[in-house]
Structures are given as structure tokens and as C-alpha cells.
Amino acid sequence: MNMNRPHKTGWRSATLALLATLVCTLAQAPGWAQGTRQRSQAPVTVNFVNADIEAVTRAFSAMIDRPILVDPRVRGTITVYSEQPQSVGDAYRSYLAALRGLGFAVVDSDGLLKLVPEADAKLQTGTVSVDDAVAGKGIRGDQVITRIFTLRYENPNNLVAVLRPLISANNTINANVGSNALVITDYAANLQRIAKIIAALDQPTGTGVEIVPLEHAVAADLAPLVQRLGDSGGGAGLPRAPGAAGAGAGGVSVIADSRSNSLIISAANPSRLAALRATIASLDRPNAMGGVGGNLWVVHLKNADATRLASVVRAAFGAIGGGGAGGSAGSGATATPARTAGPGGAAAAAATAPVATVGEPSTGGFIQADPASNSLVITAPAPLYKQVRALIDQLDTRRAQVYIESLIVELAGSDAAEAGFQWQSLFGESGDKYGIVTGTNFDNPAGPSIIDINVGAAQGQINLGSGLNVGLLKAYNGIVSLAAIARFLQTQANVNIVSTPNLITLDNEEAKIVVGENVPFITGQFTNTGTAGAAINPFQTIERQDVGVTLRIRPQIGEGGAVRMTVFQEQSSVKSDTAAGTTNAGPSTSKRSIEGTVVVDDGQILVLGGLIEDRYINTRSKVPLLGDLPLLGALFRSESRERRRTNLIVFLRPIVMRDAESANRFSTDRYEQIRGRQQASQPPPSMVLPINESVVLDPKAQGVIPTLPTDSSAVPPPAARAPQAMPAPALEGGGPPGQPTAP
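For the sequence shown, counting from 1, position 667 maps to 667 in the numbering used here; every step adds exactly one.
To be clear, the hints were calculated from the coordinates, so they are not data collected in a lab. Treat each hint with caution, since some may be false.
[As the list claims (entries may be wrong)] Label pairs and their in silico Cβ distance ranges:
no.: 1; residue 1: 671; residue 2: 605; range: 19 to 29 Å
no.: 2; residue 1: 694; residue 2: 169; range: 49 to 59 Å
no.: 3; residue 1: 509; residue 2: 595; range: 14 to 24 Å
For clarity, every value in this text was computed on a predicted model and none was experimentally measured. C-beta: ideal position from N, C-alpha, C; glycine also.
Please build the complete structure, drawing on both the sequences and the hints.
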């Protein structure tokens, strides 16, 4: 056939040639009535070169005697030919292989064959098998199927990265962690190859847990070193586990048990576990001094304070003497033994004290605290050091923190009313030597009396006071005065104060917050009058005191989650009015304080205490007898009533934060809360004023609040050293006794 002919002529000729071949071949058979089985067994010769896919598909549909539906998206030409006659099955497989090279596939969906793009084959395939259930079903290798592989040991996510390059680009592989299975859609032949790979990889990787007791070394010292050697995957003679690549990929876990001085180890395979045991045995050796003469050890604390912990350890092991360096330092690195210690440059010299086991004589050991590096320097033989180190490991733990929310609510209100009459009159004639003055003059907190008003009017100053004032004027000898006045007044005042001081502190550590002002108070004064013509030099002594909200709390976390708190809360303020006779003594303050010890569960709200006060004051001023007359008696009296109500309640809620994630969550929450309030309090836009925006905190996404690491493994540990004991240096080295020297 000429390959350069037009496309239409080529596929028509190929079709005619195929049909002629089929007719000639079938004519040799016993007859058409022999059935499909005999026709499928007859050899055929195919010769399609650049033929239309749809026409070739119809030809093969007739050959296998099964209809094949062609997707409209399947277009193009295909080349399928054979030099020698072959069976229909072989010819059909050649046809499927050619389709696969063009990006098409034939899927069997409920007995119906469909020719679709390979990318859609995974969506239309109807054959789904679980594990090896596909065997024996007559599934051809060129058929797209979906198979589910259930894993017994391996994590499915780990195998996805390994198997993805082995699967066709248009087919899929997915991991189901819940059922620990892989779901793969691909050609059946390729899935059989992948099944063998999965069977080889899905092998038990763990050998259980093994406990290795130590005789000479300390478990807490040896564990970091063995862990680093195991993670290195080949260092120190340790074989690398299959698939391990780099540090941390060895599948080695080493945990120190200080109570039994043992190491709990696990590895990926038995050979790696045996290598760990050999490494531990080689490191678990007695020190060079043989336990005689005392050895020097340096323990870097992670969380505890070196000075405090040294005192506790001395007391626990029957220390003789005491004292220690003052001050504290930040957290140190991971606790590892060292052959050297830092130079003696601590802020304060820590006193040393010998330690001895209970029931045994003193061994001459001592414990020295170094606040600068937050470390403990221990001089003791190996058996005693193991006991001391076990106690240190149990005490050097991260303490939880307590976030305390406080709510102080004060509701105060007062209602006052006043009504009264005052009058004044002068009787006499012009030129009389004597006259008669009558009237009432009642003290009035809301305003001046009638006499004060008349005196002020004579001086050109009139002050009637608050409220409704109704008066009667009278002229006497050309002088106008107030003869009578009636005053009516009602006042109402409400106060609502809410304070929310919050603070955070370590377990069993006191914390204090003060929000207010520092007000000066006069404590003494002296005035030097001096001699004639000399200047006067006044002298005063002043003491400043905090006025405002004060909250001081010491929380203590119990085993069951309850929090015991010693609380002191005080709320003070400077009064606007000053008590009589104390004008020169300074301001007056009002103070409300509460102190006590309470127990509350984590996250629960507790009413710490409060004050409920309701005060009623009734003041009546009157003229005897006349003020008691019905009706007319109101003209001879003045009455005021006042009611004051005060409600003060203090609430507390402790929240225990045991890790960095909780602390970061609360800090972020408060940060976003303040930022939201800043955004809500933005001033309205103004075309006149140039400043239209106030300061707003940056969003957390920009890294204002760094995210704290929640996993201790995120912090790289210090370089581990072999747990070797260092003998105490001799005095000839120039250093004081017990001070370590450089190697």
C-alpha cells in the first residue's frame, strides 16, 4: 500500500483489504454457522496504516463479535499491521497497544466496551478488585481496572511517593490512611507488577521494644548520644535502615528511664537493633578512675533554676552545710555530661556541700550551682552520681503556666432629693434705733442659705445654688433683699466600672499587676521662719503610693487539674472631696481590697468576693413646734433624702497552659482582640483634618507574633558527647579546688 496516498483512499483500501482477508480466511472454515468461537480462533492478517480510528474500531468489533462504542472525543488515525497471520486475540491486543500509545483506552463497563481517552478511563472502568481478587476473572493485561491494596505494616502515604512514577500519567494512586490502604487505577498488567512491589515493601519494620539496663553509664547521659548515632544512619558502625536517607530517617527511638537506669530502644529491623545494643555495650564502661577519688560532672538544666535545684538536691541527700549562688539564668541546653566545665565566672560564688547516700558515710562529693550557665557541677563517684542524676531528671521538668483572667465589676448609684423653705424679714420704721429680724437659716448641701444669698447680693454676687429656686424680694431703706426662698432639687448618679486585669505566671510563682497612678502623700513638714529679713524655707517629706487596681496571685496546679490560688486584690481611687480638717494633709483615697486562698478547676469561673452596700440618709432641719404643724409646717422646715447603692464583685478564672502551643494560642487571641478594637476605633474620614488613621497593629500573618515551636524536636539539640567522667583537677593547675579546667 502506498503510504503517500490521500488519507481517505488509504483507510478505505485498508478496510477493503481487511474484509477481503477475513472473507478468504473464513471461507476456509467449515462454515459461518460454526459460531463465534470458531471465527475467533481463525488466524487473521491485519494491515491498517494511518487508518481512521473509528473505522479500525468497527473492524475489530466485528472480529471479536462485541460492539465497541467510540467516544466523540476519540479522533485521529492509527497504524496496526502484522506480517504473518495471527489469532484474533493477538490482533486485538496489538490494537489496544496502539490505542494506548495514542492516549486512548478500551474499558469494560458492565459488559459494554467503550473507547475513551485514557484520562477518562479511570472514571468509567467498572472492574474493581480488592487485593488479589482479580486473579481468575479473565482480566486482560491491557484493561484499565481499579485495585485496592490493603497494607499490613507500611504507611500508605510512604508508598505513594514510591509508586507514583510507576503508574501511567493519566491514572491515579491515592492513600486511605483510615483503612491503611492504597487505591490504584491503571492497566491490569502494570497493577500485577505493582502488586509484587507492594508485597516486597509491606514488611514488618519494627522488632518491638527492648530494655537495655546500664551498669556504669547514666541513662540520661547516654540516651542523646545513642539517639544521634542512630539517626545518623551509619555512623559508629550502625547500618542504615532500608529507605533511610539522612538524619532522622533511621527509625531509631531511644528513651532514658532514670528510675531503673535503663535505655528503652526500638529500631527498624533486627540488624539495626543489634547494632544499637553493641553500641550501648561499648559505651557502658566504667570510668578511668574506677570510681575512686570522685569525678566531676556538669549537668545543663533545661527548665529548673540551678541555685534552687542545688539546694533541693543537697537537702535530699543529707547535705552538710548549705548556701548557694544568688540569681538565676535562662534555660540551658539539653542535659549532657561533659569532661569540661565553663570557666569560673559566675555572678556569685555558690557554696558547696558534701552529699552522701542515706545510711552511708559521706563520700566527699559536692554540688556546685553555676547561675551564669544554669548548670550544676557535681563531684561524686559514679554510683552516687546515678542517684543524684535520677533525682535531677525528675525535678528538671518544664513547669506549666497559668493564665489568670480577672473581672472586677463595680456598680454604684445614688438618688437624692431636697425640698425646703427659708425666709427672713426685718421689722421697723426708718430712723428707728432698734429693729426686729426674724427668719430661718437651714444648712443646705445643695446651695447657700438665705443669709449667704443676701450677703452676696449686697456685695454684688448672687449665687442661688442648684435646682429650682423661687424667692420673694423685699426693699428696706432702699436696699433690696431676699425675703423668702423655696428650693426643690432631685439628683441621680450611676457608676459602672469594669476592670479586667489579666496576667500569666509559672506554676507556684507569684505574679503582680498594677494599673493606676503613683500619688504623692505628705508624711511630714517643717517650716523655718528664720531671722528678721531671712527667707522662709518650708520643708516637706513626701511618700508616693500606687492608687488604682492591684492584683497579686500565686497559683499552684494540683494533680487533678485544680488550681490553688493565693489572691490579693485591691482597688483604690483618689476621692474628689477632702475630709474636714485634712486640707493640708494631702488627698484622701477610697480603698477596697480582698485577700484569701481559693481552689478552682481549670477553666472555671469563681466568685472571689464582693461588697453589696445600700445606704439611706434622711436629713430634716426645722423650727421646733412650727415645723411640725400640718401643711403650714412645711414653711418652717427643710428636708433632704439620699440613697446610695454600691455593688462590687470580683471574678477569677485560671487557665492552665502546659505547652508552648497553648501559650501561643492565648497570646495570638489577645493580640487579635486588641487589633480588632484598634480597627473599630478608627476616626471617621475627614476632608478638613489631615490625620484620618490611628495606629493599628500589623496582622499576625506578617510575623509580628512568631509561632512558637510545639515540638521539642524542632529545636536542634547540642552536640552530644560521650558520657565520660572527669577526675577533679589538681591544685597544680592554678585553679581553685573543684574548678574545672579546659582539656
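Status of the hints after comparison with the structure:
As the Cβ distance of residue 671 to residue 605 is approximately 23 Å, the hint placing it in 19 to 29 Å holds. Between residue 694 and residue 169 the Cβ separation comes to about 56 Å, which falls inside the hinted range of 49 to 59 Å. The beta-carbon spacing between residue 509 and residue 595, approximately 18 Å, falls within the hinted interval of 14 to 24 Å.
Checked against the numbered hints above, the structure breaks none of them.
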